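Counting from 1 along the sequence shown, just add 1192 to a position and that's the residue number in my numbering.
One thing to keep in mind: the hints can contain errors.
Pair by pair, the computed Cβ-Cβ distance ranges are [said to hold, decoys possible]:
no. : residue 1 : residue 2 : range
1   : 1224      : 1202      : 30 to 38 Å
2   : 1203      : 1230      : 26 to 34 Å
3   : 1201      : 1222      : 30 to 38 Å
4   : 1200      : 1220      : 27 to 35 Å
No farther apart than 20 Å at their CA atoms in a straight line, the calculated lysine to any residue pairs in the SDA-like style are these [to be verified]:
no. : residue 1 : residue 2
5   : 1203      : 1221
6   : 1203      : 1227
7   : 1203      : 1214
Since the hints were derived computationally from the structure, they do not count as laboratory data. Quick caveat: nothing in here was measured; it's all calculated off a predicted structure. Just so it is clear, CB atoms sit at the ideal spot from N, CA and C, and this is done for glycine as well.
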Amino acid sequence: MKPGLTVPLIKGRLSLGTWQQIVFIDFDNRKRERKIVVHIVGD
């Protein structure tokens, strides 16, 4: 699985299909800090 994801926004909403969603699942049982970074680029 790739560490990055690009999803377009249309009128301020994620452009996903009817049954699509973005899910983060971590199966690593070692405790550590995780960071999710969101970059929004627009006109």
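So, going through the hints one by one against the coordinates:
1. Here the CB-CB span from residue 1224 to residue 1202 is close to 35 Å, well matched to the stated 30 to 38 Å.
2. Checked against the given bound of 26 to 34 Å, the beta carbons of residue 1203 and residue 1230, roughly 18 Å apart, lie outside it.
3. With their beta carbons about 34 Å apart, residue 1201 and residue 1222 fall inside the hinted range of 30 to 38 Å.
4. Hint check: residue 1200 to residue 1220, Cβ distance near 30 Å, so the stated range 27 to 35 Å holds.
5. In summary, the hint linking residue 1203 to residue 1221 is not supported, as the alpha carbons are separated by about 39 Å, beyond the 20 Å threshold.
6. For the given pair, residue 1203 sits about 27 Å from residue 1227 by alpha-carbon distance, which is inconsistent with the 20 Å threshold.
7. Restraint check for residue 1203 and residue 1214: the C-alpha separation of about 18 Å stays at or below 20 Å, so the hint holds.
Hint violations for this structure: numbers 2, 5, 6, all remaining hints satisfied.
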